[in-house]
Amino acid sequence: MKNEILRGLLDEIRAKRPVVLATRLDSGEGFLFDPFAERSSVDPAVQGAGREAALADRSGLVETAAGRFFLRVFNPPVSVVIVGAVHIAQALAPMVKLAGYDVLLIDPRRAFAAQERFPGIPLLSEWPDEALARVGLGRRSAVVTMTHDPKIDDPALVAALRSEAFYIGALGSKKTQAARRERLAGLGFGERDLARLHGPVGLPIGASSTGEIAVSILSQLVGCLRQPGGARAGA
Amino acid sequence: MTSPEIYQRALLELARSKAGVGQLSKADGRATLDNPLCGDEVTFEVLLRGDRIAELGRKVRGCVLCEASAALIGRAALGASASELSQAREQALAVLRAEPASPSGGFADLKLFSPVHEVPSRYRCVLLPFDALEEALAKAGR
Numbered sequence: 001m002k003n004e005i006l007r008g009l010l011d012e013i014r015a016k017r018p019v020v021l022a023t024r025l026d027s028g029e030g031f032l033f034d035p036f037a038e039r040s041s042v043d044p045a046v047q048g049a050g051r052e053a054a055l056a057d058r059s060g061l062v063e064t065a066a067g068r069f070f071l072r073v074f075n076p077p078v079s080v081v082i083v084g085a086v087h088i089a090q091a092l093a094p095m096v097k098l099a100g101y102d103v104l105l106i107d108p109r110r111a112f113a114a115q116e117r118f119p120g121i122p123l124l125s126e127w128p129d130e131a132l133a134r135v136g137l138g139r140r141s142a143v144v145t146m147t148h149d150p151k152i153d154d155p156a157l158v159a160a161l162r163s164e165a166f167y168i169g170a171l172g173s174k175k176t177q178a179a180r181r182e183r184l185a186g187l188g189f190g191e192r193d194l195a196r197l198h199g200p201v202g203l204p205i206g207a208s209s210t211g212e213i214a215v216s217i218l219s220q221l222v223g224c225l226r227q228p229g230g231a232r233a234g235a
Numbered sequence: 001m002t003s004p005e006i007y008q009r010a011l012l013e014l015a016r017s018k019a020g021v022g023q024l025s026k027a028d029g030r031a032t033l034d035n036p037l038c039g040d041e042v043t044f045e046v047l048l049r050g051d052r053i054a055e056l057g058r059k060v061r062g063c064v065l066c067e068a069s070a071a072l073i074g075r076a077a078l079g080a081s082a083s084e085l086s087q088a089r090e091q092a093l094a095v096l097r098a099e100p101a102s103p104s105g106g107f108a109d110l111k112l113f114s115p116v117h118e119v120p121s122r123y124r125c126v127l128l129p130f131d132a133l134e135e136a137l138a139k140a141g142r
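Each protein sequence line maps, in turn, to chains A and B.
Residue numbering for the first sequence is 1 to 235, as defined by my numbering.
Residue numbering for the second sequence is 1 to 142, as defined by my numbering.
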């Protein structure tokens, strides 16, 4: 790999931006491109294949009229934001790390957001909308709210629904979900927006303990990441 | 309509009031207090003329009770002195405890908080803005 390409690649990785390295198989010549660029000088077929590859998070070979290319996808890490430093979060946060994702815990209630309760987990004791405005949410972000307090959960869900986050979940019973959807609809979110909201959160596996509920949430999140539109992403 | 409903509507309306919302370009004292159990957070800024509040700025993140209490202060505290505000806090506490209270002037609406008497765990929501303002005044050296 040429130094210039390597430098560009490292810059994109550091900035947590998605990037695809295309290598032309006949010449070995390579170049980087943004798979989600609106305007691009890259051959449209290669650009389109790069976008598909980045969305699927899968590198591979592509044949186009412009030649054969190997597209190597470098996606930013999946980042899971948990709002609510509650009991279930104590189980979910380390599980998210074990799954290989970045995790961030947000809770403005200092009594809950105590680092001793979450060793090794990045923690922000702030209002979620203010923290998320700074942190930023993208295609590789997931947001799960857990405080059961609308004044804290709702601003986080609003930020998530306005982003391209691939997974949005809200802990709470069917009854509280109905009230939540009504409040969000009142803020101008339509059916398509609200369809992105998983609530009651998690796969229906009869989870009962905090650990089991965390498993059901993480499983649903993985389903949405790896099989978007698949049966498991529903529920 | 039952009286708690009237109170609730008036409190919601009060909570939406923007009186005093914003940051002062110049302040003599500024303080932020939060409730670690519920996350409510109140910031008050004051600019004094003599011993009275000439300008006031506030930022509130909280429940309806906390926002309503801060809004009431935002409306009523201009021109008030630290001792008048401490009397208003006493009146607020008396209203919450259902003790004899006669809040007056701009603080007459403290009566709206009387249904909170039933829920002692929420007294703090109403008092937090008073305490934040008191601390801002203390920092302003009065």
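The set of hints was computed from the structure by calculation and includes no laboratory data.
Because the structure is a prediction, the values reported are computed rather than measured.
All residues carry an ideal CB built from backbone N, CA and C; glycine is no exception.
Among the hints, a few may not be true.
Unchecked claim - Reference excerpt, derived from the structure (chain B facing chain A, CB under 7 Å, subset only):
#1 PRO36
#2 LEU37
#3 GLY39
#4 LYS59
#5 CYS63
What the hints assert, rightly or not - Not close to chain B: a few residues of chain A, all C-beta gaps over 12 Å, as computed:
#6 ASN3
#7 ILE5
#8 ARG110
#9 PRO128
#10 THR147
#11 ILE152
Evaluation of the provided hints:
1. The beta carbon of PRO36 of chain B comes within 4 Å of a beta carbon in chain A, closer than 7 Å, and the hint placing it at the interface holds.
2. A distance limit of 7 Å between C-beta atoms decides the matter here; for LEU37 of chain B the minimum to chain A is near 5 Å, and the interface restraint holds.
3. About 4 Å separates the beta-carbon of GLY39 of chain B from the nearest beta-carbon of chain A, less than 7 Å, and the hint is met.
4. The beta carbon of LYS59 of chain B comes no nearer than 11 Å to any beta carbon in chain A, farther than 7 Å, and the hint placing it at the interface is violated.
5. Checking CYS63 of chain B against chain A by beta carbon gives a least distance of about 6 Å; that is within 7 Å, so the hint holds.
6. No beta-carbon of chain B comes within 12 Å of the beta-carbon of ASN3 of chain A; the shortest separation is about 48 Å.
7. For ILE5 of chain A, the shortest C-beta to C-beta distance to chain B comes to about 46 Å, beyond the 12 Å cut-off, and the non-interface label holds.
8. For ARG110 of chain A, the shortest C-beta to C-beta distance to chain B comes to about 4 Å, within the 12 Å cut-off, and the non-interface label is violated.
9. At roughly 10 Å, the least C-beta separation between PRO128 of chain A and chain B is not larger than 12 Å, which violates its mark as non-interface.
10. Not every beta carbon of chain B lies more than 12 Å from that of THR147 of chain A, the smallest distance being close to 8 Å; the non-interface claim is violated.
11. Consistency note on ILE152 of chain A: stated as away from chain B, yet its beta-carbon is not over 12 Å from all of that chain's, at 6 Å minimum.
Hints 4, 8, 9, 10, 11 from the list above are not met by this structure, while the remaining hints are.
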